[in-house]
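Asker: Read off the chains here:
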Amino acid sequence: MSDTAIETSVDSSRALNSVARKTKLVGSALVGPALLLVVAINVLPAFYGFYLSLRKLFFFGDEGFVGLDNYIALFSDPFAWQAIWRSLVFTFGSLAIAVPLALLSAMGIRRLGRWGTVLLTVLLVPWAMSPIVVALLWKWILVPSPGGLVGSLFTAFGVPPQDLLTDPVLAMPTLIIIGVWRNFAFAAIILTGGLGQIPRDLYKAAAVDGLGPVETFRKITLPLLAPSLLIVISMLTISYFNEVQTIIGLTGGGPIRRTTTLSYLLYHTGFIELDQGRGNAIAVVMFMINMLLIALYIRILGKQPGGAA
Amino acid sequence: MKLLSRTALVLGCLLAALVALGPIFWALSTSLKPTNRIFAVPPQLIPPDPSLEHYARLVLEGVHWTFLNSGGYAFAAVAVALILGTVAGYALARYPLPGKPLLLVIFVGAMAVPAFAVLLPTQLMFVDLGLYNTYVALPLLYAGHVLPFAVWVTRSHFTTIPRELEQAAQIDGYSRFEAVWRVVLPGAKPALLAAATFGFLHSWNDYVTATTMVDTPDLRTLPVALIFFQGFHGRDWGALMAGVVIATIPPVVMFLLFRKYLIGGFADGSVKG
Amino acid sequence: MRLKNMDRRELLKLGAAGMLLPALSGIARAQDFSGTIRIWTFLSPEGQSPREVVLRELIDKFTAANPGVTITVESQPFQELETKFVAASAQNRAPDIIWMRDTFLNLVNERGALANLDEHLSEAFRTEALPDLYQVFADKSVIGGTRTSLPLWPSPAQILFYRKDALAEVGLEAPPLTWDEFILVAAKLTSGDRLGFGLPTNDNSVSAFINMMTGFGPGIFDAATGHFDVTGPEAKETAEVVRQLVKAGALSPTLLNAMGDDIQDQFAAGRFAIVQAFAPRFEQYKKIAAAYDPEQLAVSPWPAFGDRPPAVLLGPYWTVGLSAKSENQEAATAFIESLYTPEASMQWAQVAGLVPDRRSVQSDPYFDTPEAATINVFDSLLAAPGALTFPPNLPDITKVFPVMNTALQELIGTDEEIDSILSRAKATLGW
Amino acid sequence: MQQGSGAQSVRFVGVGKSYGPVRAVSDVNITVEPGQFVTLLGPSGCGKSTTLNMIAGLEMPSEGRILIGDRDVTTVRPADRDVAMVFQSYALYPHLNLYENIAFPMRARRRRTPEAEVDRKVKSAAAMLGLEALLARYPREISGGQRQRVALGRAMVRTPTVYLLDEPLSNLDQQLRVQMRSELKDLHQRLGATMLYVTHDQGEAMTLSDLIVVMSAGRIEQVGTPRELYDHPANLFVARFLGEPGMNILEGSAEDGVLVSPGFSLRLPATLAAGRRRIAVGVRPEDLEYDATEVATLRGTVRTVEYLGARSLLRMDIGNTLVSAFLPSSVELVPGSEIGLSPADPTRLRFFDIESGLALRV
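Line by line, the protein sequences give chains Z, H, E and B.
Residue 1 is where the first sequence starts when you use our numbering, and the numbers rise one by one after that.
Residue 1 is where the second sequence starts when you use our numbering, and the numbers rise one by one after that.
Residue 1 is where the third sequence starts when you use our numbering, and the numbers rise one by one after that.
Residue 1 is where the fourth sequence starts when you use our numbering, and the numbers rise one by one after that.
Since the hints were derived computationally from the structure, they do not count as laboratory data.
Misleading hints may appear alongside valid ones.
As the list claims (entries may be wrong) - List of simulated lysine to any residue pairs, SDA-like, C-alpha gap at most 20 Å:
1. H:260 x Z:24
2. E:61 x E:36
3. E:325 x E:343
4. Z:24 x H:36
5. E:286 x H:109
6. Z:24 x H:97
7. E:426 x Z:112
8. Z:24 x B:21
As the list claims (entries may be wrong) - Per label pair, the in silico range of CB-to-CB distance:
9. Z:223 x B:309: 47 to 53 Å
10. Z:169 x H:12: 26 to 32 Å
11. Z:20 x H:64: 52 to 58 Å
12. Z:33 x H:50: 47 to 53 Å
13. B:190 x H:256: 20 to 26 Å
14. E:164 x H:12: 37 to 43 Å
15. H:186 x B:144: 31 to 37 Å
16. B:144 x H:256: 35 to 41 Å
17. H:75 x B:95: 21 to 27 Å
18. Z:20 x B:290: 58 to 64 Å
Think of the CB as a built atom: it goes at the ideal place given N, C-alpha and C, for glycine as much as any other residue.
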């Protein structure tokens with residue numbers, strides 16, 4: 001064992017530097033294309049939209065820079081605030097039904113084992129359908145006459161067919177239920193995965209400790225499922241908050257604005273009234289709210305043990 | 001007690017399956033009825049004299065071409081998003097990168113941009129770039145929409161895979177690319193399939209982007225073509241429901257094929273995020 | 001797919017050109033046209049509906065006569081034609097020919113997207129065809145001296161469809177034509193699951209409220225501004241009628257945001273005795289009729305107020321325009337003209353059951369046959385004393401219908417004071 | 001298996017590695033002769049794994065050169081270095097069965113081997129490691145010890161120039177570890193291969209190595225045979241680190257050839273008698289013996305006595321220092337009692353300069 005005296009040559013240190021630089025370059029080159037596409041498709045239009053929101057733009061006619069006029073008009077419009085409120089009702093109303101239902105399904109699916117996977121596949125079918133197709137389909141199912149599917153169900157129970165989509169009281173709940181029908185299986189799939197990650201030993205331990213089923217659920221299932229639940233809630237929140245196609249197809253924001261959420265207001269203002277400047281202002285507001293929701297989602301997840309967000 | 005709860009479970013599941021599939025079944029039933037039977041009172045669950053006239057009409061009016069368009073766009077978008085997303089997700093998980101936190105913010109922030117909210121600016125941009133109303137417009141947009149999710153899912157997956165695996169493969173005589181390809185990617189199958197499913201559904205099901213970015217019938221997608229049956233003459237429920245049935249087949253086939261991986265893929269990809 | 005069709009057409013053309021050319025002297029001009037003509041319409045080149053069949057035939061005829069011309073039909077969703085066209089025009093990718101609704105003419109014209117047809121139409125067309133069109137429509141396309149388009153398929157727009165069998169139950173053959181009587185009859189027609197009257201209140205280019213107001217005659221529109229008085233006495237009386245229809249049980253207070261399509265579906269299933277409907281869908285209504293005999297379907301003008309004549313609001317209707325940025329304006333104009341030949345008018349009438357654009361055609365014996373009965377009914381509605389169109393300068397065209405629909409929903413579904421509902425609508429419009 | 005004809009030397013020349021401002025490894029100069037078993041030993045975070053990774057090419061040094069044989073591999077890709085590595089986590093490929101895992105290196109494009117030979121080598125390695133019956137299984141289906149053998153097998157089939165083993169035994173339970181340790185030793189002798197072994201377990205290092213490189217805080221503390229290190233630690237770190245428990249170190253001041261401290265006094269060897277002020281003396285626990293006489297070198301209070309069968313481990317407080325000593329079990333001591341200890345053989349005492357920590361030559 002002897003230390004041979006070999007000088008560290010200048011050449012070799014240069015080679016090392018070039019390798020280190022290359023590694024960094026390779027990393028950037030790998031992220032580059034994805035970054036480029038994301039920036040081009042998502043980020044640039046968002047900024048362009050912000051720029052357009054500062055202009056008076058009607059029916060593709062640009063009438064110049066108006067500063068924050070579009071925003072001021074938007075926020076001084078009581079119907080805009082009403083739309084934000086409706087968005088919250090729709091979002092949290094859907095969540096309140098979808099999440100417990102998904103949890104229940106997830107637990108059933110796990111108990112069913114192999115058949116559970118089959119059931120899950122079946123439940124996922126509505127989620128796989130295009131929102132616009134879902135809207136069409138439900139419009140057809142809900143035709144309020146004895147010739148409609150749901151109408152005939154009502155008739156079978158001795159109740160006249162109900163105007164589920166045009167009654168000011170029923171329209172929003174109907175939309176919520178269709179939203180749940182469409183999306184809850186996605187929540188169920190994530191929760192099923194989450195349940196699978198809870199060690200079975202814990203349930204054995206709980207049984208030994210004499211915990212009842214309710215207590216086991218409350219003290220073991222819920223806390224350990226928290227990360228999955230949070231994801232489900234966040235993803236559904238964002239998805240419901242941005243829901244627009246089924247609203248366009250089913251109620252058109254009515255009756256009497258009862259289902260005009262912020263996203264529908266954006267559609268109505270930008271694509272029906274063609275007030276595109278103000279439409280972009282609404283888009284910017286929606287983007288902000290989405291950002292907020294996602295930040296919240298990451299924040300909460302980041303605090304979870306095991307959630308390395 | 002146990003038997004009772006088991007029965008309740010099975011009944012509950014059957015009910016759930018009925019609620020999930022009932023509407024599709026009704027669509028199928030409607031699509032097989034002659035036009036003047038569609039509104040019959042009381043409704044006929046199973047058409048007594050099924051006919052394929054509505055399906056024939058879809059073909060006659062060229063809707064099957066839009067089916068291929070939709071499939072092609074979705075396939076291209078998923079391919080682009082998966083390739084770029086996996087590569088970027090890998091780099092984010094493994095390479096030292098300048099400004100990495102900012103990169104992550106951009107990828108996550110991109111998920112917060114609702115596609116339909118930026119349609120107008122996107123359209124104007126695409127017109128300027130000469131991409132409007134071309135074969136690449138929709139695949140490019142869909143890939144862009146799905147990419148942040150793909151990056152996120154793959155990145156989270158790669159961070160959970162021990163570095164030693166690919167190091168071992170590199171020492172075993174494989175290049176870095178080969179090591180990732182032969183050792184890391186096989187394990188990422190569920191995550192990649194989850195991202196692929198997500199991307200396919202997004203592209204296949206989109207309506208608003210497709211109707212805004214493309215004018216020429218040759219370039220049209222299936223959902224847009226279907227809306228033509230809700231047109232000047234009112235809703236042509238027979239054709240619409242035939243379209244609904246056809247539009248639902250590919251995603252369902254996909255689910256059946258990937259059933260095994262979906263639960264794991266979605267659960268892992270998102271929870272570990 | 002279109003390419004394939006074109007190949008087929010190409011072959012067809014080669015074979016047919018020689019035979020057909022001499023026969024087409026009616027529209028053939030001295031010069032031959034060439035190039036591509038792009039058309040945006042809601043009709044699909046592969047479509048199977050009668051209108052689509054006729055359009056296809058007319059195109060084949062035109063390309064046979066002008067072998068240098070290729071015609072491409074790019075169908076668009078019918079509610080989006082105007083928007084897409086203006087966007088396309090601003091971005092220099094507009095089609096040469098555009099189908100659009102008359103209500104948007106002013107706005108689209110303001111964006112400079114439409115050419116002045118007077119500068120392009122042939123002398124023959126101007127002297128023979130133009131005076132032969134329905135003047136009420138033809139004149140409306142002229143904005144500030146510019147002929148922005150030509151009206152196609154003269155027809156009333158929103159009109160009443162009713163079931164004769166239902167009316168027979170109350171001993172009538174047709175709905176009464178004054179609102180006072182109409183309310184009573186509509187109330188009586190409500191029985192069991194069936195409602196006496198159905199109104200669409202959620203379409204973005206249809207306002208049942210304005211249709212009802214036209215019972216006061218064309219005077220409701222201010223000639224200078226195109227406004228109607230949202231809070232004026234006519235509007236209030238209309239609102240009053242709506243409230244009475246609800247109170248009498250003729251209109252359902254839970255059917256608030258139905259679209260025309262919904263009303264149509266539910267009518268087919270037997271939910272209504274009388275509905276507001278889009279007149280060109282008469283045949284479609286018959287086709288889907290499930291809860292009653294299609295032969296029982298009939299059409300009626302709108303009831304009027306006082307002793308005014310029954311109202312027929314002729315719009316929105318389709319017009320065909322030429323893009324200001326078309327690079328093939330002469331050929332495109334020639335094709336537009338070919339849609340209005342007497343032969344074409346006969347085809348529209350015989351195949352698609354449409355009132356012929358050329359009035360002179362009506363002397364054809366076909367119009368005395370039973371097949372033409374519906375055409376004759378519509379034709380008589382067009383000539384009715386209460387017929388009117390929207391003013392050419394109706395402002396805020398993208399807002400007025402949704403706003404008035406929401407107001408109508410409020411009138412039907414709430415107990416709020418009429419005055420406050422109407423003032424809110426007025427404020428929202430900013431009139 | 002084939003003999004280590006491919007066994008090569010490994011040389012580090014002035015190698016250093018920084019992560020940004022953090023120095024992980026500094027100025028490493030080592031030469032490993034062909035066929036030697038060399039262990040990098042040190043507490044976690046000492047830079048030993050980084051050093052190993054730099055041989056493998058998994059990490060790039062910030063400066064210096066690494067040579068395998070006569071070839072400068074400093075910037076050569078891992079795949080082209082012809083080394084084999086066994087990881088602490090074994091890094092078995094989860095989607096491949098054991099056969100495919102072992103065959104994996106031979107199927108790489110750059111050293112594609114005919115399938116017949118792959119089969120022969122896999123079977124031969126499996127036979128050597130007792131894995132024949134398991135080849136169709138997947139890594140998740142076998143035990144830790146078996147995984148360990150698979151990882152070794154995957155390295156062996158390569159006949160690499162150098163084996164790199166990164167704490168390969170630390171995930172095994174005690175019994176298995178001892179067993180695998182001797183298997184490894186046996187394997188090294190049979191293969192005659194150059195092996196570099198990283199561990200924090202001095203027992204493994206002592207039993208397996210021809211040479212041990214003790215590292216701490218990114219620096220080499222001492223390089224030597226196990227015996228050299230144990231008997232002649234070059235500095236206080238090595239003295240304390242090696243041995244279980246480590247060498248007892250007692251600090252004192254030298255006055256007139258005598259080292260004095262509360263609890264003991266010691267006459268210094270003549271070579272150290274002149275002039276020095278602060279000196280530490282080291283003595284191995286087994287070199288102390290019970291001394292009931294008045295002249296015992298060390299005096300202190302018994303804290304604990306651990307009965308180990310043949311002998312007992314005594315811990316006692318001398319001033320502020322805790323001193324360990326192995327005594328025959330026959331000596332019975334009561335915690336709290338005052339006793340005396342003396343070095344059995346004064347020549348086995350070691351002296352260190354407290355300022356520099358370096359051993360003082362006697």
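Asker: Honestly, which of those hints from before does the structure not fit?
Answerer: 1, 3, 4, 5, 7, 13, 14 and 15
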